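Chemist: Chain residues, written in single-letter form:
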Amino acid sequence: MEKFIKLTSTVVPLPIENVDTDQIIPARFLKATDKNGFGDNLFADWRYNKDGSPKTDFVLNNPKYSGSILVAGKNFGSGSSREHAAWAIDGYGFKVVVSSFFADIFQNNALNNGVLPVVVSADFLAGIFLNVNENSKMTLTVDLENQTITNNANGKTESFAINAYKKECLLNGLDDIDYLLSKKDLIEAYETSLK
Amino acid sequence: MKTLFDKIWDAHVVSAVENGPTQLYIDRHFCHEVTSPQAFNGLRARGLKVFRPEKTTMTADHNTPTINQDQPVKDPISRNQLDTFAKNAADFNMPLFFPLGHQKNGVVHIIGPENGFTQPGMTIVCGDSHTSTHGAFGAIAFGIGTSEVEMVLATQCILQSRPKTMRITFNGKLNEGVTAKDLALYMISKQTTGGATGYFVEYAGEAIRNMSMEERMTVCNLSIEMGARGGMIAPDETTFAYVEGREFAPKGEEWDEKLAYWKTLKSDEGAKFDKEFVYESADIQPMITYGTNPGMGMGITDSIPTLDQIDEAGQISFKKSLDYMGFEAGEKLEGKSIDYVFLGSCTNGRIEDFRVFANYVKGKKKADNVIAWLVPGSWMVEKQIREEGLFEILSEAGFELRQPGCSACLAMNDDKVPAGKYAVSTSNRNFEGRQGPGARTILAGPLVAAAAAVTGKITDPRV
Ligand code: SF4
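In order, the protein sequence lines correspond to chains A and B.
All residue numbers in the first sequence are consecutive under the working numbering, ending with 195.
All residue numbers in the second sequence are consecutive under the working numbering, ending with 1463.
Since the hints were made in silico from the structure, they are not lab data.
A few of these clues could be false.
Straight-line Cα separation of at most 27 Å, DSS-like style, residue types lysine-lysine; simulated pairs [as the list claims (entries may be wrong)]:
#1 B:K1087 - B:K1049
#2 A:K195 - B:K1002
#3 A:K35 - B:K1055
These numbers were taken from a predicted model, which means no experiment stands behind them.
For reference, chain B alone in the conformation it holds in the complex (with noise of 0.2 Å):
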C-alpha cells in the first residue's frame, strides 16, 4: 500500500546512495534569472554542457519591472542579471526561454501550469521555494539551492533525502466568501511555520475536491510556508480537464497513455502518512496575519493574541514583530486604515484570482488613499482579464493593469512598499522588509484584499 508520494518517487529513483540519499531523475526543471546565473558559471568552470535542454523551461520574472517592459530595464545590475541570463540560454542552446516581453513569459508557477509544462506524475524542481505549486496537479515539485540547479542542469538528477509523508483532510464545505488562500493561512496558522518541516504533505477531503486547479495551486503553493518540502493533491478529472489540449501536454495515442497512468495517482485506502492532521473547513473564516510570518494568522474579525498565550521561548520574536507591524498585543485590526493593495505574485496572481477581486470591485471605487498594484501573473493571464471583460471592470472601478512578473511580491524591482506602510498582499512572504526596507505586510487572500482596495481599511468582505 502507497501512498501518492511513495509512488511517484519510486517510479523515479535512479540508484540510491550507500547511507545517503536518493539520486532522484527530474522530469521538468523551471528556471529564472535570480538563482540561476552561478548554476551557469559552475558548468562553465566545469567544463559541462547542460544535459537535457529540453526538460528545462526559461522565464525572467523575479527581477523584472512591471511596466515598460518594452525599453531597456533601468536599473543596470538588474539588467546585468537579464542579459547574462538571456546569454546562458543562448551559450547552452536552452529551446525554452522565455525572456520579458514574450508571450510565455510571467512568473515561473504560472507559465509551468498553464502552458502544460506541468504535468501529474512528474517530478518537479526549479530554485524557488514556491515550486510546490505544481504539486497540485498530483506531482512532486519541490524548491531547490542553486548548486542543485547545477546539478539538475549538468545530470537531469538531483540527490534527496527521502522526506517524510503527511496527509491534511479538510472535512466539508468552505464558508462563503471564504477562499483557498484562507484555508491556507488557516492552515499555516494552525501549523506554524515550522510544523511540517521535513515533510511532504498531501492535501485531501471534500474542500480540496471541490477546489479548481487555480485554487488547487494556491494551496499547495503555500505548502512551503509551514516548513513543508512540497504538497501535493491527486488528479481527477478537474486535473485532467486543465492539462488536456495546453501547448505542451501530451496529445493523441501518448495522450491516452498517459490518461491511463495518471488515474492510477492516488494514495491507496489504507497507505499509512508519518502524520496525519484533520481540519474542518466550517472554522475556516476569512484570515489575515498580524504578524512577520506566514503563521501569524488569524481570522479577519478576531483579536491578535496576547503576550500570554505565547510561551516564553517566543516571546522576545513575537514582540519583535508587532513592533515592526506597529502593533498592540490584544488588538483587533478590522477597520485599519491601509496604504497598499498588491494582487498577484504566483499565490494569487492567476485569472481566477482577477476574476474574484473584479467581482467584488465591480460598481464601487477604489479608495483615494489606496496605491493598488494588480500583477498579473503571466502575459496569458492578462490577455484574459481583457477577453473576460475584466479590464473593464477594474478601469471602472478606478484601477490599473501592471504588466506580469513577480514585482512587490519580493519587491526586487521598483514595486517596493515605502517603509512603516500597511500593504494588504495576495502574496505568501510577509517577512520583515519583505515588500521592501521597512514594509508592513499583512497577508491575505484575493477577496480581503479586493475589500480593502475599496474602503482603504481591513474589511470583512462578507458585509
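Just chain A, with the same shape it has in the complex (with noise of 0.2 Å):
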C-alpha cells in the first residue's frame, strides 16, 4: 500500500447525496478476478451513454474539473460491500474523499486501499460546494499527520478524526493483514482456549 502523508490538490465536487455503491460501480463490471482496470468504469452509468460516449453533463466528463480528491454529497458509499468502489475510486486516481457523512463498510474499504476518506462538516462541505463553482480551480489541502482539511480558497480550517491505528498504517503503508499475521500465535492460543 502506498504512504498517505500530506495532499493540496484541486477537486472534483458531486453534490449529490446517498451515493450508493452501485452508482459507483456497476455491478455487471464486478466480473474481474483482479483488482485493475475499475476506474475506467467509475460512476459508468452517469459518465458514459448507451453507446459507451462520454456524457457531457457529468463532472468527471467536464475538463474544468481534476485533481485527486473527491467531495461528495452527505451518506456516500452506502449500499453493498464491494470493495471494487474501493478500487475504482482508487484506479481513477482519487486519494481522498470528502463528505459530511460516509457508509460504514465503505469507509473501511477505503481505508485498506489508501484511500482516505475525510469527514467534514455540513458547513464546511456547502462552503467547498460554493467556492468550486465560483472558481474550478480552488484547492483543498489534507494533512494526515495533523488531521486537518483546509479549504484554500475561504482559508477555513477543519480537523477530522481519524482512528489511531488507521492513521499509522497509511502514514506509513502497511495493512492490516501484515498487523494480523504477526499475531498468529493469540491466535492460536485463543483457539486452545475454547476447547
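Please dock the two separately framed chains into a single complex, following the hints provided.
Modeler: Here you go:
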C-alpha cells in the first residue's frame, strides 16, 4: 500500500447525497478476478451513454474539474460491501474522498486501499461546493499527520477524526493483514482456550 | 449488565490494538465468487495458505444463470469468474465448496442457515453486506470487503472497531396482511438509509418474538439498508427448534452444551444501548418504495411526499430520484401498471416467502402484462416448493420457477429489467440501475408482489 501523508489538490465536486456503491461501480462490472481497471468504470452509468460515449453533463467528463480529491454529498458509499467501489475510486486516481457522512463498510474498504475518507461538517462541505462553483481551480489541503483539512479558497480549516491505528497504517503504507499475521500465536492460543 | 451484542463480541476478542480496532475471531466465513478472487490472489502473492479451511463455506450465487445451470455458462467473463472460484477452492483445499448445480448450492445467506452453519453466539462474516441476515439467530454477522476476506482466510480474524449498539422494539402484533418485509421497510423509512450507521441493532418486542426464523432473517437482512453494521435477535425456542437436526448443527452431547450456552444469550435486564427506538406494530401497513433508495418507502395506499416535505439539502437528490422513477411528487402509486415481478433474493427467497406468494395466487391467474421471475434462494427451497405442492399451485396460476441464485437482485446475470420498465421486487435495493441499467425498482414484500403479479398493477393485497 502507498503511504499517505499530505496532499494539496484541486477537487472534483459531486454534490449528490446517498451516492451508493451501485452508482460508484455497477454490478455488471464486478466480473473481474483482479483489482485493475475498475477506474475506467467509476460512475459508469452517470458517466457514459449507452453507446459508450461520455455524457457531457457529468462532472468527470467536464474538463474544468480535475484532481485527486472527490467531494461528495452526505452519506457517500452506502449499499453493497463491494471493495470494487474503493478500487474504482483509487483506480481513477482519487486519493481522498470528502463528505459530511460515509457509510461504514465503504469507509473501511477505502482505508484498506490507501484512500482516505475525510468527514467534514455540513457547513464546510457547503463551503467547498460554493467555492468550486465560483472557481473550479480552487484547492483543498489534507494533512493526515495533523488531521486537518483546509479549504484554500476561503481559508477555513477543520480537523477530522481518524482511528489512531488506521492513521499509522496509512502514514507507513502498512495493511491489516501484515498486522494480523504477526499475531498468529495469539490466534492459536485463543483457539486452544475454546477447547 | 451486558447487551446480547456485548456478550458475543467479548467472547471473540483475541486482542485489542492499542488506540485501534479489536482483533476479533471469526467462527464462520461465507464466501462467493464475486468478492473473493482478489483475496485468494492476495494469499498467493504473500505465499500463504488458508488458515482454517473448514470454517469457510463457499457457494456460487451472485453471477450465475437461473436457467440451464447444467450447461456451460454462456458469458465468458462470468464463466471465468466461476472457474476461478472452483480453482481457488481446489488450490486451497477448501472442504465446503458448493458450485453451481450442487444440492447445497444457493444464495449464500439462504444456504448458511438451512444447512446449520449459522448458529447462535457465532461471529459470522462474508463479502456481502446482507450477511446481517444471520443475526436472526443471535449471532454477530456483518458484511466485509475483499481485503477483509483475505484477512479471514489468512488468519480467521478481522480487525474491527467496536460499533455502538441500538435497540429497536416493535410493540404489539402486526396487522393482518403485513409481512416482515413491510415491518423492515417501515423501519428504514423512519431511520433513513444512514440512520443506523455506526450501530449494531438488536430487534425486540412482541412482533419480533412472534416471527418465524424466516421472517426474522428478512428483518435482519435489511439492517444494512439503514446503514447498520448488522442486526440481531436474541435466540429463543423458535431459534433452537430451527437449528436442531440440521446437517452442520451440533449433535448429541455437544448440542446439549451449546444449547445451555445459547440460552444465556440475551441482553440483561437494564443493559444500556447507545440508542433506543420503539415503534408500534399496529402503525405498519403493507409497504412499497417510490424512490431510488430503500429509505424512500411508504404505505401502499399513501402518496409520495411533496417537495416542501423534503429538507433543502436533500431536494436535488429527491428530484433526481423521482425523475429516474418517472413519478411525480405527491402522486399515489396504487393502481399504477407494472411490468416485472421478482420473488427471490436473500431477503425473500425462502420457503415461507413462496408459501405466502403461492397462497395468494392460488386459483388466480398471472396478469398478461407481467413477466414474473420466481427464483428460489436455494435448491433446498426449490425441493421444498415441490414437496409442499406449491409448484402445482404456481404453475396453474401461470408462473414458472427458475433455478436458484441472486438473479435480479443485482442483475449480474441475464435477469435484467429493461430500461424504463417497472419491477415490483422482493429484493433489498432499489438503487438506480440495480436491476439493470435504467430499471425502475419498487421494493415490496412477497404478498404485495403476489398481488402485483396477478393484477399487473400496484395493488393492496388486503382488499
Ligand atoms: S440476493 Fe442480492 S443481496 Fe442477497 S447475497 Fe445475492 S446479491 Fe447480495
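Chemist: Could you tell me which of the hints above the structure violates, numbers in ascending order?
Modeler: none
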